[in-house]
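Participant: Chains A and B, in that order, are what the protein sequence lines are. Residues in the first sequence are numbered consecutively from 8, following our numbering. Residues in the second sequence are numbered consecutively from 8, following our numbering.
Worth flagging that the hints you see were computed from the coordinates, not collected in a lab. Heads up, a few of these hints could be off.
[Stated by the list, open to error] Derived CB-CB ranges, DEER-like:
{"id": "1", "chain 1": "B", "residue 1": "Ala60", "chain 2": "A", "residue 2": "Ala60", "range": "34 to 44 Å"}
{"id": "2", "chain 1": "A", "residue 1": "Asp39", "chain 2": "B", "residue 2": "Gly37", "range": "48 to 58 Å"}
{"id": "3", "chain 1": "B", "residue 1": "Asp58", "chain 2": "A", "residue 2": "Asp67", "range": "33 to 43 Å"}
Fair warning: this is a prediction, and the values are worked out from it, not measured in the lab. Glycine residues also receive a C-beta, built at the ideal position from the N, C-alpha and C atoms.
Protein chains: 2
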Amino acid sequence: MIKARIIVTLKTGVLDPQGKAIEAALGNLGIDGVGSVRQGKVFDVTLDGDDAAGAKTRLDAMCEQLLANTVIENYAVEIDHG
Amino acid sequence: MIKARIIVTLKTGVLDPQGKAIEAALGNLGIDGVGSVRQGKVFDVTLDGDDAAGAKTRLDAMCEQLLANTVIENYAVEIDHG
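Using the sequences and the accompanying hints, generate a full structural model.
Facilitator: Below, the structure written as structure tokens:
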């Protein structure tokens, strides 16, 4: 079994209203000195088999076809995450 | 300036309907051999100043008070994330 973590983040320059809302909320809570917050998504995936190279191909296909909107988002795949 | 990444994931045993929906969608796309998918959130935060110890305290406070629901979610803080 292969464990992987996929992290999907907004590309630089894409507006992130969720992040802006979090910045405002942190200020309201009295947590100061926050420069910026950008929110993204994480997916912890387990795959059958032990073929790490094949797993990378399948994980990239998942990201391209479903998990990331590659027009506005970047994705990173880490295999054998803890 | 300190950069940090916060990763919020569901605790083991907490149902994840989003993850289940992704598993089904991957099967429909013809990507087989997926054991399980669990979805979480990632926050990329920049903090003013260079005090790493103080930053850890502030980041933990953010998680406890706003970013994570510690009843059902775990969080991990990585400081000086690239």
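Participant: Compare the structure with each hint and give your call.
Facilitator: Verification of the hints:
1. B:Ala60 / A:Ala60: 34 to 44 Å: Given about 41 Å between the Cβ atoms, the range holds.
2. A:Asp39 / B:Gly37: 48 to 58 Å: Check passed, 50 Å falls within 48 to 58 Å.
3. B:Asp58 / A:Asp67: 33 to 43 Å: Holds: the Cβ-Cβ distance is about 39 Å, inside 33 to 43 Å.
Violated hints for the displayed structure: none, as all numbered hints are satisfied.
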